[in-house]
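K.L.:
Respectively, the protein sequence lines represent chains A and B.
Letter by letter, the first sequence follows residues 1 to 240 in the working numbering.
Letter by letter, the second sequence follows residues 1001 to 1270 in the working numbering.
Worth flagging that the hints you see were computed from the coordinates, not collected in a lab.
Warning: the hint list may mix true and false statements.
[Stated by the list, open to error] Label-pair ranges, simulated between beta-carbon atoms:
| hint | chain 1 | residue 1 | chain 2 | residue 2 | range |
| --- | --- | --- | --- | --- | --- |
| 1 | A | G126 | B | V1144 | 24 to 34 angstroms |
| 2 | A | A138 | B | A1220 | 12 to 22 angstroms |
| 3 | B | L1101 | A | V28 | 24 to 34 angstroms |
| 4 | A | Y15 | B | R1078 | 15 to 25 angstroms |
| 5 | B | A1063 | A | G75 | 44 to 54 angstroms |
| 6 | A | R116 | B | R1078 | 25 to 35 angstroms |
[To be verified] Non-contacting residues of chain A with respect to chain B, defined by C-beta distances greater than 12 angstroms in every case (computed):
| hint | residue |
| --- | --- |
| 7 | L36 |
| 8 | P81 |
| 9 | D216 |
Each residue gets a CB set at the ideal place from its N, CA and C atoms; glycine is no exception.
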Amino acid sequence: MSAPFLEAEELVLGYGGRPVLRAASLSVADRPGLALGFRGPNGAGKTTFLKACLGLVEPLAGRLALLGAEPGTRGFRSLLPRLGYVPQARPPGRLRLSVEEAVWLGRCGRLGLFRRPGARDRAAVGRAMERAGVEGLAGRAVQELSGGQYQRASIARALAAEPELLLLDEPSSHLDAEGRGGVLDLLTDIARGGAERLLLVSHDEELLGLCGALYDFEDGAVREAAPAAPSPAVREARRA
Amino acid sequence: MPELWALAPFRRAIVALAATGLSFPAIGTYILALDLVSARFAVMHASLLGAALGLLAGLPPLASGLAAALAAGAGVARLSERGAERASGALGLVMTLSLGLAFIVFYKSEVNAIEAFDLFWGSVLALSRPELLLTCAGAALVLVLSAVFLRGIRALLYDRELAGVLGLPARALHYGLVTLICAGIALAMRVTGALMVDAVTILPALAARSMRRGLAGTLAWGAAFGLAANFGGFALALALDLPTSPAIILVGAALVLGTGAIERGRAKKR
């Protein structure tokens, strides 16, 4: 029997000893193409939970395992290169990088610090840029992109890792209608392809319609919810 | 020129200008990308304290100043993990405390304060052979480590959290890079003087940033501008009988203004 996709037992998460999430327990069975959504108001602990899944936030108490690996363990460290992470939209740093260079960063986990990139790496980067529709932006600096373009470049970077699981934190927030539409279409295509599992943190009901499993975060607690109604585009994708 | 070349201080200066011009703009690029501009003052003052303690113990002030800079580097790395804004108060404390302790050492001991302050008033024409060797070794280390760890440094400077999630040793890379920055600052102090460290680090890096390249391109342009500023400034100093470090600053500033104007011109065309 395969390990659960995500498992938490009496998990307490917080910052500086102050809990944000109290004694959360959940178990989500794994299956190919699974899309899991976290929904809830600001400050409810969704992003903290996602960061704990990535080993960025250490639990104050309890146990957490993603794809059978507990953060901080050797097994988890070997899982990291097979994850694709798109953080909550934030302005790119001061280092000027072209979109292509930024997408190549997604390959760092697979390449490590010293291995030279080969044909497979180049193909993975090319495919990721094509899927995200950012090939035409390859030479542009990430600092010069619109919000929607930057988010698609970030998703391309995550896809370049050829991830088993994509973790996305509020991927459609702070975007104009056009940017949000582009991100929604891209994530719908990814969900339709079924090659990667998805873990989505969002307020966006339309985006959450992609998720076959949904959890609500509120007042420091987590509870399973009925999946959100899929949009017509998502319904079409699911039929396909 | 041949008669100048016959002078050992002149030959040492040429070698030091070549080594630091080629290598130290990389330090400036890292300082700018990590937003550690204020941290370099803390490192300079920690070096002064190290030099004072070294003189007290009968050690060469450059070596003890360098050791203090490396120790300060570990502290700066830890503080900078909190983010530039939150670290600024603590860095101010390190800077003031180092200065206060250095003056207490001067006051309470037989240490000649002027000798310790030589670290602040470094000059490329006053380098001894061991200082030149140390500077060249430091410059070579910056180049080698930048080349070997380019991929990790790029990921770290782009987004440290992301670098960690990618499975890279982000924390070790961060500490290593900040320590390298601090060692570079301490060595640059001896070449240009503490108050003019920016001449060989920040100014060429600023000019290189205006060339709008990725990390490797920025480092290459920084080296080109560093060499141009160092040798242009040195030539200007000889021609007009100016002090060397301020002349390097003049040429470096001209490069920053010139490349900035080119960048603005390009932006208007787009």
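K.L.:
Hint by hint, note whether the structure agrees.
P.N.:
Outcome of the hint check:
1. Taking 24 to 34 angstroms as the suggested C-beta distance range, the pair G126 of chain A and V1144 of chain B conforms, at roughly 32 angstroms.
2. Between A138 of chain A and A1220 of chain B the Cβ separation comes to about 20 angstroms, which falls inside the hinted range of 12 to 22 angstroms.
3. For L1101 of chain B paired with V28 of chain A, a C-beta distance near 56 angstroms fails the hint of 24 to 34 angstroms.
4. For Y15 of chain A and R1078 of chain B, the hinted distance range of 15 to 25 angstroms is satisfied, since their beta carbons lie about 18 angstroms from each other.
5. Taking 44 to 54 angstroms as the suggested C-beta distance range, the pair A1063 of chain B and G75 of chain A conforms, at roughly 45 angstroms.
6. At roughly 33 angstroms, the beta-carbon separation of R116 of chain A and R1078 of chain B lies within the given 25 to 35 angstroms, and the hint holds.
7. For L36 of chain A, the requirement that its beta carbon stay farther than 12 angstroms from each beta carbon of chain B is met, with the minimum near 18 angstroms.
8. With 12 angstroms as the threshold on Cβ separation, the claim that P81 of chain A sits away from chain B is violated: the shortest Cβ distance comes to roughly 5 angstroms.
9. The Cβ of D216 of chain A sits about 25 angstroms from the closest Cβ of chain B, beyond the 12 angstroms cut-off, so the non-interface label holds.
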